[in-house]
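In case you want the letters, here they are:
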Amino acid sequence: GEDVEQSLFLSVREGDSSVINCTYTDSSSTYLYWYKQEPGAGLQLLTYIFSNMDMKQDQRLTVLLNKKDKHLSLRIADTQTGDSAIYFCAESYMDSNYQLIWGAGTKLIIKP
Amino acid sequence: DTGVSQNPRHKITKRGQNVTFRCDPISEHNRLYWYRQTLGQGPEFLTYFQNEAQLEKSRLLSDRFSAERPKGSFSTLEIQRTEQGDSAMYLCASSGRAGADTGELFFGEGSRLTVL
Numbered sequence: 001g002e003d004v005e006q007s008l009f010l011s012v013r014e015g016d017s018s019v020i021n022c023t024y025t026d027s028s029s030t031y032l033y034w035y036k037q038e039p040g041a042g043l044q045l046l047t048y049i050f051s052n053m054d055m056k057q058d059q060r061l062t063v064l065l066n067k068k069d070k071h072l073s074l075r076i077a078d079t080q081t082g083d084s085a086i087y088f089c090a091e092s093y094m095d096s097n098y099q100l101i102w103g104a105g106t107k108l109i110i111k112p
Numbered sequence: 113d114t115g116v117s118q119n120p121r122h123k124i125t126k127r128g129q130n131v132t133f134r135c136d137p138i139s140e141h142n143r144l145y146w147y148r149q150t151l152g153q154g155p156e157f158l159t160y161f162q163n164e165a166q167l168e169k170s171r172l173l174s175d176r177f178s179a180e181r182p183k184g185s186f187s188t189l190e191i192q193r194t195e196q197g198d199s200a201m202y203l204c205a206s207s208g209r210a211g212a213d214t215g216e217l218f219f220g221e222g223s224r225l226t227v228l
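Here the protein sequences come in this chain order: H and U. Each residue of the first sequence is one higher than the one before, starting from 1 at the first, in our numbering. Each residue of the second sequence is one higher than the one before, starting from 113 at the first, in our numbering.
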């Protein structure tokens, strides 16, 4: 069945770039998403990429999609303390009314 | 529109009691989802509505759980005879803006349930 995998933790120094990786198994996904969850808060969509795109850039965020390897990454440039959160990767399928398959989340830890 | 609203934000109950959560989605959205999230995990799908029709329900969902969306607007999630294992954050999300549908989910802040 479908599966989305992420590493559980990533630790980076403030000011460095963070790269959070995600792999998925189903190649028929329509959209792939990155959601952010701060402690005690709900999930917030950061960005998404349509499955026929390779890259999307939005200010400090860059999403790379490698469909051949079924690999998605989120790069955060100039990481700040406010970026500390859990980042979830998810994929959806238009044919299934956009049901999302979620990863377990990567906790981003910022070191001063 | 102020986004997806959920209440209560936090509910503490004794085992065996019934609880009900309410979700008010974004008004233009036709899809509404309920998820459950426990610490250190991603959201776990519970059920999904297209307008007032409940189209899908997780096979893992106990029959103590029931959800309704009577007029295709707000939704309620009821848990009967609560158990300690039901303690979690219950998240509601909506999506499906006509003419601009990317499947993006807009989440509420969640309702945290603690069963003693």
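Quick caveat, the hints were computed from the structure, so don't treat them as lab data. Incorrect hints may have been included.
[What the hints assert, rightly or not] Negatives, chain U to chain H, calculated, CB over 12 Å:
1. Gln118
2. Lys123
3. Thr125
4. Gln129
5. Thr132
6. Arg143
7. Gly152
8. Ser178
9. Glu180
10. Pro182
11. Phe186
12. Arg193
13. Glu195
14. Val227
15. Leu228
[Stated by the list, open to error] Which residues of chain H face chain U? A few of them, derived with a C-beta cut under 10 Å, are:
16. Ala41
17. Thr81
18. Ser84
Ideal Cβ placement from N, Cα and C applies to all residues, glycine included.
To see whether the hints hold, each was checked on the structure:
Chain H draws Gln118(U) into its interface by the beta-carbon criterion, the shortest separation being 8 Å against a cut-off of 12 Å. For Lys123(U), the condition that its CB be more than 12 Å from all CB atoms of chain H holds, with the nearest at approximately 15 Å. No beta-carbon of chain H is positioned within 12 Å of the beta-carbon of Thr125(U); the least distance is around 20 Å. Look at Gln129(U): its CB is around 24 Å from the nearest CB on chain H, clear of 12 Å, so calling it non-interface holds up.
The Cβ of Thr132(U) lies farther than 12 Å from every Cβ of chain H, with a closest approach of about 19 Å, so its non-interface assignment holds. Remark: the non-interface label on Arg143(U) conflicts with the geometry, its nearest Cβ contact in chain H lying 7 Å away (cut-off 12 Å). Against the 12 Å criterion, Gly152(U) falls within the reach of chain H, whose nearest CB is about 7 Å from its own CB. The beta carbon of Ser178(U) is kept farther than 12 Å from every beta carbon of chain H, the shortest such distance being approximately 20 Å.
At roughly 19 Å from the closest C-beta of chain H, the C-beta of Glu180(U) stays outside 12 Å, upholding its exclusion from the interface. In this structure Pro182(U) is separated from chain H by more than 12 Å, as the shortest Cβ-Cβ distance comes to about 20 Å. Non-interface status of Phe186(U) relative to chain H is upheld: no Cβ of that chain comes within 12 Å, the nearest being about 17 Å off. For Arg193(U), the shortest C-beta to C-beta distance to chain H comes to about 27 Å, beyond the 12 Å cut-off, and the non-interface label holds.
Interface exclusion of Glu195(U) from chain H stands, the closest Cβ pair being 24 Å apart, more than 12 Å. Look at Val227(U): its CB is around 19 Å from the nearest CB on chain H, clear of 12 Å, so calling it non-interface holds up. Taking the minimum C-beta to C-beta distance to chain H, about 20 Å, the non-interface status of Leu228(U) holds against the 12 Å cut. With a cut of 10 Å, the hint placing Ala41(H) at the interface with chain U holds, because the nearest CB-to-CB distance is about 7 Å.
Here the hint on Thr81(H) is broken, as its CB sits about 22 Å from the closest CB of chain U, past 10 Å. Restraint check, Ser84(H) versus chain U: the minimum CB separation of about 16 Å is more than 10 Å; hint violated.
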